[in-house]
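Protein chains in written order, with the working numbering: chain U, 78 to 314; chain A, 2 to 232; chain B, 2 to 232; chain Y, 255 to 608; chain F, 255 to 608.
Check the hints yourself; a few may be wrong.
To be verified - Straight line, CA to CA, 20 angstroms or less: simulated EDC-like cross-link-like pairs of lysine to aspartate or glutamate:
id : chain 1 : residue 1 : chain 2 : residue 2
1  : Y       : Lys348    : A       : Glu79
2  : Y       : Lys348    : A       : Asp5
3  : A       : Lys218    : B       : Asp117
4  : A       : Lys218    : Y       : Glu540
5  : F       : Lys328    : B       : Glu121
6  : F       : Lys348    : B       : Asp117
7  : Y       : Lys328    : A       : Asp193
8  : U       : Lys127    : B       : Glu79
9  : Y       : Lys302    : A       : Asp5
10 : U       : Lys170    : B       : Asp193
11 : F       : Lys355    : B       : Asp193
12 : F       : Lys348    : B       : Glu121
13 : U       : Lys143    : B       : Asp117
14 : F       : Lys542    : Y       : Asp380
15 : Y       : Lys542    : F       : Asp380
16 : B       : Lys218    : F       : Asp585
17 : U       : Lys127    : B       : Asp193
18 : Y       : Lys542    : F       : Glu540
19 : F       : Lys302    : B       : Glu79
20 : F       : Lys542    : Y       : Glu580
21 : Y       : Lys355    : A       : Glu121
22 : F       : Lys542    : Y       : Asp585
23 : F       : Lys302    : B       : Asp117
24 : Y       : Lys542    : F       : Asp539
25 : U       : Lys127    : B       : Glu121
26 : F       : Lys542    : Y       : Glu540
I should point out that these hints are in silico values taken from the structure, not numbers from a laboratory.
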Amino acid sequence: NSGNEVPLIFAAASVSDVLTESAAIYERETGMQVEFSFGGSLTLANQIAKFGAPADGVFFVGEEPKTILGELVNPVPEGSIGLVNTLLVIGFKDAEHVGTLSDLAASDAQVVIADPALAPAGQFAKQALESAGVWQDIENDLIFAVDVRAVLAAVESGNSDYGIVYRTDAFGSDSVSIMSEIYEGYSPIIYVGRSVKLAENSASAVEFFEFLSKSPTVRDVFESAGFTIGFAGEAGT
Amino acid sequence: MNSDISIVALSLQIALVATAVTLPVGMLVAWLLVRKQFRGKFVLDVFVSLPLALPPVVVGYALLWLVGTNGWIGRLSESVFGSTLAFTWIAAVLAAAIVSLPLVVRSFAAALAGVDPRLEVAARGLGAGSIRTFLTITLPLAYRGVIAGVLLGFVRALSEFGATIIVAGNIPGRTQTLPSAIFTRISAGDTDDAWRLALVSVVLGVIALAVHNWLLKRTANGISSSNGGSR
Amino acid sequence: MNSDISIVALSLQIALVATAVTLPVGMLVAWLLVRKQFRGKFVLDVFVSLPLALPPVVVGYALLWLVGTNGWIGRLSESVFGSTLAFTWIAAVLAAAIVSLPLVVRSFAAALAGVDPRLEVAARGLGAGSIRTFLTITLPLAYRGVIAGVLLGFVRALSEFGATIIVAGNIPGRTQTLPSAIFTRISAGDTDDAWRLALVSVVLGVIALAVHNWLLKRTANGISSSNGGSR
Amino acid sequence: MISFDIRLNRPEFSLSAKGEFDDGITAVFGPSGAGKSSLLNCLAGSIKPSDGWVTLDGATLYSGPDGVWVSPEKRRIGTVYQDGALFPHLSVRKNIEFGWKLLPEDQRRLDPVEIAELLGLTHLLDRAPNELSGGERQRVAIARALATSPALLLLDEPLASLDAARRGSILNYLSRVHTEFSMPMIYVSHSVSEVVSIASSAMLLRDGEVQGFDRPSTLLLGAASAGDEFESFDNILDGVIGDSTDHLTTVRVGDVNISTRHQNKNLGDRVVVSLGANQIILASDEPKNLSARNIFKGSVSEIWSNTGKVFTEIDVGEKFIVELTENALNDLGITVGQNVFLVFKSSSVDVYDA
Amino acid sequence: MISFDIRLNRPEFSLSAKGEFDDGITAVFGPSGAGKSSLLNCLAGSIKPSDGWVTLDGATLYSGPDGVWVSPEKRRIGTVYQDGALFPHLSVRKNIEFGWKLLPEDQRRLDPVEIAELLGLTHLLDRAPNELSGGERQRVAIARALATSPALLLLDEPLASLDAARRGSILNYLSRVHTEFSMPMIYVSHSVSEVVSIASSAMLLRDGEVQGFDRPSTLLLGAASAGDEFESFDNILDGVIGDSTDHLTTVRVGDVNISTRHQNKNLGDRVVVSLGANQIILASDEPKNLSARNIFKGSVSEIWSNTGKVFTEIDVGEKFIVELTENALNDLGITVGQNVFLVFKSSSVDVYDA
Ligand SMILES: Nc1ncnc2c1ncn2[C@@H]1O[C@H](COP(=O)(O)OP(=O)(O)OP(=O)(O)O)[C@@H](O)[C@H]1O
Ligand SMILES: Nc1ncnc2c1ncn2[C@@H]1O[C@H](COP(=O)(O)OP(=O)(O)OP(=O)(O)O)[C@@H](O)[C@H]1O
Ligand SMILES: [Mg+2]
Ligand SMILES: [Mg+2]
């Protein structure tokens, strides 16, 4: 029945490469296929929640998208794989070193973060700055970029001195210097898969997510991209 | 690389079909706007121009409403094809056609309006009906604007992203066009890949422009085999 | 509502300044393309048309590099203003101007090319230099395409999103334009608000179109005070 | 036969014209801005009159009251526009063949190639209209209209920028087409010699009003009287070619044998003869030893004067109108009924195909 | 004075013309497609010749070898184009004032309002060009060029679609402008009477080659002989107005007093007289009781023939050329040296302002 159909999974564009690779492994090992539609996490959530887009599963990060989807998606099953990311403060190559978020706030320099209203990365950055108690201080020096790649580009091109991005983004760039890693003060940044409740191929999506959780090959793919691997239940999803 | 080719092929397919749609529709609308007086003319004018005034994302959401299960296009297509058009390449064609239509209509309209009506009258007097007159006199005389409109429309369709990604998604192999592929690569940090695809876009644009210029010259030559020395 | 007004004001400011830039630049480029023969003409043609062939996001990234510390615009502006232009409203103007330039140039070029060169020759013979001839004969005779080009350019600037949000960001009160505000509202799930702003965009578009039509009619009337009964 | 009674209102001009033109060639003349082109455009359907009606061979083409409007392409009326209105994007050949190609085969009475040949356009067929001289453009416009074998041909000053030789040969060709294909024509012109040589009737327009409709000669006389549209009056007579020598050809007009320059025509050909009223000399006694080849005895049937010019009608079998000065009239003591001699040169006579 | 020696090469046509035109009015004529408009365009700078040079009043306007090219707006040459080339987006008034406004005040010798008045355009000033009749458009084109007070005025068949009355008055106006403002003109026309009445010298072009350059009368004769550009030859003579009665005016041409129709001119006015060679009759004995007002005794000074026409030159103090038929020549037995009488009507004579 419909369980044999190819599921369509709406996934964050930032993990498109690792998911595409995993799908190839999935097909090689099980003969089954999966399709993705990539976009911003919020955009994808809105497409499904507000416009009835035909997604069988979702794979993205952050609270806001989850809130938007609410009851439309199933909870993450126990033991599902999660791709864990952390935040970094990065700086333009000849920018002065800042060690902590307080230093950053004190520097008076322009700081780019992703727009909290547009991208989960922005929400995480905001949480971190708030819990460091520097949000008020830094608010006027902040620039909101559309997404985390735009943050990276703004710093790489020297238009801003500092920015807050995901660890995985910074690893790919050699034209920025890493100032400091932020370990706490924000919700865990975890990309997880969820199936969409009433979707036709919901079951096939679940099958794919299960495969991701079990396959060691897939885990290698994720790790080599810079993610830490976690599993539901471990880190309070 | 293989997937590059299929992305380009799909993009071309979508842009070409969109152009094939906007060409006659745009011509009809431009003709109505320029040569006819009717109630609701301004409404039509606004209607075809709207997509230009709105950010494509909005157009995308509006389209998604229309082709979704609740929109009338959606219901129609569900009863015909058994499914909605959303997240199919046809949705991408729709998106591309709608955003490029204003460019096409505006170019065509300016060109048609510039044709000397006395030549149309002369053609009628020689026995050509209004349709034949349009095809053999008006259209060829408006060629610059027509060719420019087609170029603008085609290239705009080729670079359409905002509306497409909303209504057709970004499904590799099915609806992923060059612009959405570039976006995906950028988001994933694949900058080199992204620039490579951007370069492909540029090459397609240059080819389209070259064809445009060639058509322009060819038509101009057909129209007056030499301009040299003419007062 | 108050912030709505400031968003609209900023959007208009950006679009108007962008139009003020593209109008003369577009005219110059169109004139070069249509009336002059020179080496590198096709390169110029490609260069101004490129932004149409690329998804605006790519244009945005490219611009971000150009205005950055290593880009030539960036170096220039740093030495003048002490900072780069990124994330300022001027960056938004740049983005809007660049994406609308191809539309403007294409419309202008088609219109200029359609002007009967014999009338220009006649004006020269009556003592008008080439610039005066251009301003008093060529330009007025090309009015349809010029007005259409300005409309297309202005409205495109007004709806510009993809490039703007990359190079100018989305800073309420400073660089947040209508399209970015709409996108923000949609992303935040504020659909009602988003639609309201979209409606504002539509209204602005309709006004622009109405002005366009009025200008067209007025100019046409100035050009021939009646067409009735003319063969 | 085309009949019409139309009004056309423009901001500063209104045309009001009623007429019925037979299947001959009708000339329309009058000063610049009189409404000649406007009238032709109303007949052809290029512009819609404000009111009135137009019928061609009995079929209604336009009727204001009844709301009838036959679109121009269905009227079978060919028009040679004053400004040519050639299609700039088509070669001369394609311009000429444009309407011809739209005709059903069996209605193609004239061959475009032949028309082009006769109008001296053959070497220009592959040119674009903007590569033609003014006169060449006019000829293409004529060819294009002729090629559609229209049921009625309208010509709006078609020969204005042509030299006399070319003009003569085209006029000749037009009258041949007229008779051979019984194609009625309406011909707008400012040139007396054109009007007189080609038309069988004429309408005079002035300020949008019809001021007269008659035989060209009669009407032209009136026009001359009314306001100098033309400088002189011409006698227009039907004739038949008689004997020819190397240098002279006799044309029989009624019972009168007129000597003309040698004509390349055949015995018995029907022709039209034109002779300026101011080129005839009257003599009260029979003149002798004159170089003039034409001397005829007749009697004065009428004398009248118009704006300082005196005209006499002399009956020599045919009636000729002769322009005189008051002085000559008095000196010779010419009165109605008196016998006089008409004297004119063979080179004063122009001969055209009928 | 304009001098030129230019070549213009086109795919199927090449023009090669050399000439020097004085500050009078020079007519350029020749068949359709001869290159008349092309020549004018080369002088005005509307088109660039392939090679050669042009100088106006000593200043080089163009020189192929030296790479000199004065752009058209600096040439002070006004052109009345064959097709008008009116600016469609400007009113008649603005068209006329276009070039005038660009003139420094002290160079504005002619007033646009007055020009418009004299060309009968006053009521049309606020119209758009596409609301004009063909003849009205031509007049606007003339007005526009005149208003720039050019150092040289080129007229390309400016009167082709005008009625005779209008034509006469414009010709008159043009010659007045010519003398009053000493404005040299080059005038292209197919109409003999126009050429003869206005020009002091004439150039004949055929197939892009100069076939002659002379006084109009002399040249027109050659043209007639060479290929029927014109149907007849006109005697053109300078004269002075003599006595007038109500109906007749005497014009003194040398020692000969010619009777003409009444002229509205003053005693002593200088005029040009035109008389068709085919309107003069020769008599071997003195004719009597003829209506013809002009009978002069003279002697045959020359006889020659051309394409079947015979011409004689008769010296009656002034020399007149008379066209005869071979038969007349033989019948009258006319030989060189013989005494003959010239006979022509006063209405055969056209009188123009000199
Ligand atoms: N489109 C128009 N709008 C307003 N008036 C016009 C228009 N076309 C022509 N007229 C006017 O109508 C009158 C008649 O014009 P028309 O062209 O019929 O004259 P015409 O007799 O052909 O003159 P011509 O011999 O100069 O060609 C003129 O006074 C002219 O100014
Ligand atoms: N732009 C052009 N390209 C090629 N040939 C042309 C062009 N314009 C004119 N000709 C040709 O050049 C020749 C001369 O043209 P031109 O216009 O000078 O003739 P014209 O003497 O003014 O004739 P008309 O009395 O008919 O106006 C003609 O044979 C014409 O066909
Ligand atoms: Mg007319
Ligand atoms: Mg010419």
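Hints versus structure:
A C-alpha spacing of about 51 angstroms is found between Lys348(Y) and Glu79(A), which places the hinted pair above 20 angstroms, so the restraint is violated. About 47 angstroms separates the Cα atoms of Lys348(Y) and Asp5(A), which puts this hinted pair outside 20 angstroms; it is violated. Taking the CA atoms of Lys218(A) and Asp117(B), the gap is near 17 angstroms; set against the 20 angstroms cutoff, the hint holds. Distance restraint check for Lys218(A) and Glu540(Y): the Cα-Cα separation of roughly 76 angstroms exceeds the 20 angstroms cut-off, and the hinted pair is therefore not satisfied.
For the given pair, Lys328(F) sits about 15 angstroms from Glu121(B) by alpha-carbon distance, which is consistent with the 20 angstroms threshold. Between Lys348(F) and Asp117(B), the direct Cα distance comes to roughly 19 angstroms. Compliance with the 20 angstroms bound is thereby established for this hinted pair. Restraint check for Lys328(Y) and Asp193(A): not satisfied, since their Cα atoms lie roughly 65 angstroms apart, outside the 20 angstroms limit. At roughly 44 angstroms between alpha-carbon atoms, Lys127(U) and Glu79(B) are farther apart than 20 angstroms, so this suggested pair is violated.
With a CA separation close to 60 angstroms, the supplied pair Lys302(Y) and Asp5(A) exceeds the 20 angstroms bound. A threshold of 20 angstroms between alpha carbons decides the hint, and for Lys170(U) with Asp193(B) the separation of about 43 angstroms lies outside it, so the pair is violated. Only pairs whose Cα atoms come within 20 angstroms are accepted, and Lys355(F) paired with Asp193(B) is rejected, the gap being roughly 60 angstroms. With a C-alpha separation of about 15 angstroms, the suggested pair Lys348(F) and Glu121(B) falls inside the 20 angstroms cut-off, and the hint holds.
Taken as a hint, the Lys143(U) and Asp117(B) pair is broken in the structure, with Cα atoms around 63 angstroms apart against an allowance of 20 angstroms. Restraint check for Lys542(F) and Asp380(Y): the C-alpha separation of about 62 angstroms exceeds 20 angstroms, so the hint is violated. Using a Cα cut-off of 20 angstroms, the hinted pair Lys542(Y) and Asp380(F) is violated, with the two alpha carbons roughly 63 angstroms apart. Only pairs whose Cα atoms come within 20 angstroms are accepted, and Lys218(B) paired with Asp585(F) is rejected, the gap being roughly 76 angstroms.
About 12 angstroms separates the Cα atoms of Lys127(U) and Asp193(B), which keeps this hinted pair within 20 angstroms; it holds. Taken as a hint, the Lys542(Y) and Glu540(F) pair is honoured in the structure, with Cα atoms around 9 angstroms apart against an allowance of 20 angstroms. Pair hint Lys302(F) plus Glu79(B) does not hold up; C-alpha atoms about 51 angstroms apart against a cutoff of 20 angstroms. About 18 angstroms separates the Cα atoms of Lys542(F) and Glu580(Y), which keeps this hinted pair within 20 angstroms; it holds.
For the hint pairing Lys355(Y) with Glu121(A), the CA-to-CA distance comes to about 17 angstroms; that is within 20 angstroms, so the pair holds. With a C-alpha separation of about 11 angstroms, the suggested pair Lys542(F) and Asp585(Y) falls inside the 20 angstroms cut-off, and the hint holds. Of the pairs offered as hints, the one joining Lys302(F) and Asp117(B) holds, with about 18 angstroms between alpha carbons and a cut-off of 20 angstroms not exceeded. Restraint check for Lys542(Y) and Asp539(F): the C-alpha separation of about 8 angstroms stays at or below 20 angstroms, so the hint holds.
Only pairs whose Cα atoms come within 20 angstroms are accepted, and Lys127(U) paired with Glu121(B) is rejected, the gap being roughly 58 angstroms. For the given pair, Lys542(F) sits about 9 angstroms from Glu540(Y) by alpha-carbon distance, which is consistent with the 20 angstroms threshold.
When each numbered hint is compared with the structure, violations occur for hints 1, 2, 4, 7, 8, 9, 10, 11, 13, 14, 15, 16, 19 and 25.
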